[in-house]
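Residue numbers (the working numbering), protein chains in the order written: chain P, 79 to 436; chain S, 79 to 436; chain H, 79 to 436.
Hints are computed from structural coordinates only; laboratory data are not their basis.
Here the structure is a predicted model, which means the values were calculated and not measured.
Ideal Cβ placement from N, Cα and C applies to all residues, glycine included.
Careful, some of the hints might be misleading.
Stated by the list, open to error - Think about it this way: if two alpha-carbon atoms lie no more than 25 Å apart in a straight line, the pair counts; the simulated BS3-like pairs of lysine-lysine are:
(1) K245(P) x K101(S)
(2) K101(P) x K245(H)
(3) K245(S) x K101(H)
(4) K263(S) x K317(S)
(5) K217(P) x K83(P)
(6) K245(H) x K406(H)
(7) K317(P) x K257(P)
(8) K369(H) x K317(H)
(9) K369(P) x K292(P)
Stated by the list, open to error - To be clear about the criterion: a stretch of chain P counts as covered by chain H if any three or more of its residues have a C-beta under 8 Å from a C-beta of chain H, and this derived list gives those stretches:
(10) 212-226
(11) 319-328
Unchecked claim - Example chain P residues on the side facing chain S (calculated, C-beta under 10 Å, incomplete):
(12) T255
(13) D350
(14) D354
(15) V400
(16) R432
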Amino acid sequence: MQKLKVLENIWYVAALGEELTTKPIARTICGFPMVLYRGESGKPAALEDRCPHRQAPLSMGNVLGDEIQCNYHGLMFNGSGACTHIPRQDRVPTNMGVSAFAAVERWGFIWIWWGDQSQADDSAIPHLPWTEEAHRRVKYFYFRVNANFQLMADNLLDVSHVDFLHKHSIGSKIDDTAKASEAPKVSFETEVEGNTVTTIRRVHDTLLAGVTAKWHGSEGPVTRVSTGRWEPPNCCIMKLQFQDPDGSINETINMEHIMTPETETTCHYFMDWTWDFGGPDGYPTHDDVDKEQRALIEVDDIPMVEAQQRNIDTFGTDARDVPVKQDKHVNEVHRVLRRMYEEQGITGRTEVTRQAAE
Amino acid sequence: MQKLKVLENIWYVAALGEELTTKPIARTICGFPMVLYRGESGKPAALEDRCPHRQAPLSMGNVLGDEIQCNYHGLMFNGSGACTHIPRQDRVPTNMGVSAFAAVERWGFIWIWWGDQSQADDSAIPHLPWTEEAHRRVKYFYFRVNANFQLMADNLLDVSHVDFLHKHSIGSKIDDTAKASEAPKVSFETEVEGNTVTTIRRVHDTLLAGVTAKWHGSEGPVTRVSTGRWEPPNCCIMKLQFQDPDGSINETINMEHIMTPETETTCHYFMDWTWDFGGPDGYPTHDDVDKEQRALIEVDDIPMVEAQQRNIDTFGTDARDVPVKQDKHVNEVHRVLRRMYEEQGITGRTEVTRQAAE
Amino acid sequence: MQKLKVLENIWYVAALGEELTTKPIARTICGFPMVLYRGESGKPAALEDRCPHRQAPLSMGNVLGDEIQCNYHGLMFNGSGACTHIPRQDRVPTNMGVSAFAAVERWGFIWIWWGDQSQADDSAIPHLPWTEEAHRRVKYFYFRVNANFQLMADNLLDVSHVDFLHKHSIGSKIDDTAKASEAPKVSFETEVEGNTVTTIRRVHDTLLAGVTAKWHGSEGPVTRVSTGRWEPPNCCIMKLQFQDPDGSINETINMEHIMTPETETTCHYFMDWTWDFGGPDGYPTHDDVDKEQRALIEVDDIPMVEAQQRNIDTFGTDARDVPVKQDKHVNEVHRVLRRMYEEQGITGRTEVTRQAAE
């Protein structure tokens with residue numbers, strides 16, 4: 079089997095914590111079919127989804143204790159991938175085992191270590207404490223996307239699409255064809271520190287529209303402040319605030335958008351959205367957030383990104399990106415990724431080398 | 079991207095006129111994904127369906143004036159494929175443009191020029207004046223077919239299938255297993271003039287059945303006169319008449335069946351059907367024609383042609399055609415096509431070289 | 079076209095007798111598209127599903143007498159594949175013919191001879207007389223499976239899966255994690271004679287569960303006696319009995335499970351199930367057997383075997399089987415098959431060479 083040539087020795091999100099139960103899930107991570115389950119003790123496990131006896135998926139089996147039993151002939155495996163039981167047989171052959179992946183539940187996500195398992199290091203998991211803050215509510219999402227992971231991540235790294243793709247929901251009220259000089263003033267800063275890229279983008283004196291106006295309780299004018307920190311492999315740690323003319327900020331949305339490769343042209347998209355405004359039972363409720371975010375992501379973003387992927391598949395090497403000025407944050411992230419891929423000897427990642435020479 | 083190796087410097091039909099509005103259409107022509115739209119001035123446009131910024135399909139965008147705006151980041155392109163606007167940016171990079179195709183609306187179809195755009199020549203569009211004659215009614219159709227364009231065109235060039243495949247609708251009343259000497263007399267003439275192949279086929283003293291009897295108002299006997307002119311790339315210009323024993327002709331149906339390649343194994347099938355009989359509101363109405371033709375084409379022809387394609391895909395080089403005497407018109411057209419392909423240096427078009435040596 | 083490299087000069091089941099009527103069936107056998115039909119005389123026929131004129135499937139045509147007429151242009155072919163009629167033409171070209179396969183109806187199945195047609199020998203058809211015994215009822219089944227034929231056959235050769243996959247229907251009442259020493263005693267004998275492998279498996283003093291308890295009229299304890307005879311290419315001739323402590327046997331189920339390759343990764347699964355117990359109209363009726371067997375095969379077995387196939391496709395050469403002691407019968411059959419493949423010069427049949435070295 080050909081595993082994907084993606085960044086190794088790093089944590090990928092494989093599931094939401096709330097997805098994981100004693101009923102196993104089949105999910106392909108980095109091209110590798112895994113079974114994910116929660117043992118009866120609560121501990122998450124991630125194994126190769128293949129019984130070595132006759133190739134049956136373990137994900138069709140049952141969890142017993144912290145182990146999983148293949149439903150075809152009853153072989154059992156523990157969370158380390160060792161076979162612990164073969165019916166009507168005492169001896170276990172030495173080659174009767176499966177790959178296992180370190181699996182840690184933190185911040186509402188299940189993180190698995192991809193690479194050399196002996197190097198798995200909990201402290202390298204991104205720090206997302208707002209997901210647990212008492213004054214915040216949090217809603218988790220999982221989407222499966224028929225597009226390369228980086229294409230989906232780039233969507234999140236690129237705030238400028240909001241005014242077009244999300245014009246009717248979270249975009250600002252703008253003139254679609256406004257000259258640069260006539261549009262609301264934008265200031266934009268990007269900083270690279272090691273493998274992390276942070277960005278602050280301010281749209282000054284802009285009018286809110288759609289659900290952003292509902293969140294803020296008025297159309298403004300406000301300064302829209304979008305803060306983003308990208309950490310590899312593709313964790314977009316984002317903050318959105320609306321600053322009133324008097325300088326006050328009454329709403330802070332923290333959210334993560336985290337992409338995990340499934341195959342070269344499909345990915346898993348994990349998300350949390352946390353908010354500190356509205357009454358404890360008042361707007362926006364969990365249901366409001368669910369509807370609003372699905373309307374954005376399932377109706378606007380994912381169809382667009384999947385359409386990009388289809389065009390890239392069709393046009394092949396003719397599909398070269400001609401950059402614009404607003405692509406700065408995306409470009410910085412791609413530069414970091416190119417360096418990291420090079421450090422790991424990974425070639426052929428066209429998502430970060432598709433840019434046309436001018 | 080690999081464009082299809084099909085005839086170049088020629089007009090292909092890309093859409094029906096009635097399909098084209100300011101809501102863009104995505105359609106692949108000759109293997110090339112295009113966005114087709116009608117500008118607010120009414121003018122048709124055909125562009126590469128790919129924004130060069132980030133590969134989003136322009137067909138997901140919006141028409142503003144005679145231009146189209148990408149819905150991802152707001153870039154705009156005119157009907158010549160030039161980028162006219164990039165939000166928050168004054169300078170347009172020189173390589174920010176897309177391919178454009180000459181597009182002309184005529185006889186109810188949108189014709190696009192495939193090949194060297196500087197040679198686009200309106201006068202080469204086939205002449206179909208009956209679609210605009212005052213004493214005729216006209217109904218347009220579009221079908222998408224999962225078969226190679228030539229396989230679908232051959233169906234139209236071959237009138238002999240009518241008595242079998244359309245036995246219950248437009249076929250004549252015949253004995254399925256009749257010996258050649260016992261069947262109604264058929265006379266058949268085919269003439270090649272340059273790149274055009276014309277044919278006249280008369281079935282003498284035959285009884286009409288199904289809808290043909292309804293059109294004629296009786297079962298006959300009549301002489302069925304089918305006239306066909308084929309023009310490249312695959313425009314089948316057809317006329318059907320029923321001649322009474324006294325020599326009079328009371329119904330003339332003019333119709334076009336025009337095939338445009340989508341991929342090697344799929345095509346677009348455009349059609350008009352015009353008639354000069356029946357009261358202005360009487361049978362056959364537009365709805366009658368719609369039902370009758372769909373019953374023929376969607377139920378009989380397209381499933382058969384798609385089944386041929388599947389067999390050709392499966393049997394590969396074993397799928398060689400053993401010709402029969404009735405194939406004369408098809409064979410003449412294939413001979414012209416082989417010559418034209420050779421003139422353009424196009425090889426590998428097995429649709430016209432599949433015939434077995436006897 | 080690439081036919082499958084499977085055992086030749088042998089009978090494969092192509093259809094149930096009850097499936098075959100004068101309405102033709104399209105079915106791919108050993109990778110070769112065939113049309114199967116019953117002539118008006120009752121005789122079965124199996125032809126290449128491809129009219130040599132223009133590649134239309136004959137299966138879209140009509141049976142006239144014992145011949146079949148192509149529905150595109152009316153050519154006719156007899157059961158030997160010879161063209162007998164071309165409309166409006168007296169002479170039949172010498173190369174206007176199709177492949178034909180010897181087809182015999184016996185024991186409720188249609189057997190076709192794959193290989194050198196001159197060697198077709200009725201006496202080599204497996205002997206299944208219980209399908210016609212007066213004191214038995216019989217129910218036939220056809221399933222199409224998205225898995226390699228051997229993978230499906232192995233499921234039937236391997237009785238040990240019953241206690242896990244069919245735990246809630248025909249399995250015995252067992253402890254899923256019982257040590258070998260604690261489980262009901264099993265005795266198991268396998269014998270190879272020429273190309274035939276027979277097996278007897280007895281589970282002693284076991285409790286029946288689910289439908290087996292219903293068949294037997296009590297939960298036992300009984301000795302479960304499973305007898306199997308495998309004949310190539312993949313005919314599993316099976317008998318199931320429940321022996322009471324006093325040695326009496328009141329129910330005998332004879333059943334066949336017969337696999338025929340469709341493609342490398344799909345197969346046809348034909349089955350009969352015959353029983354000698356219950357009143358002539360009493361439980362289990364034909365409907366009871368239909369529901370019970372579909373619940374086992376369509377809900378348990380086929381999804382599992384299709385999942386194995388998907389894993390094998392995904393993991394490729396990493397998908398090597400690590401055998402267990404219970405695989406003895408499967409292993410003996412694979413050994414016979416390896417020898418037979420070798421005798422016929424057939425290589426690359428990984429279904430019988432997938433086993434890992436320990």
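Violations among the numbered hints = 5, 7, 10, 11, 13, 14
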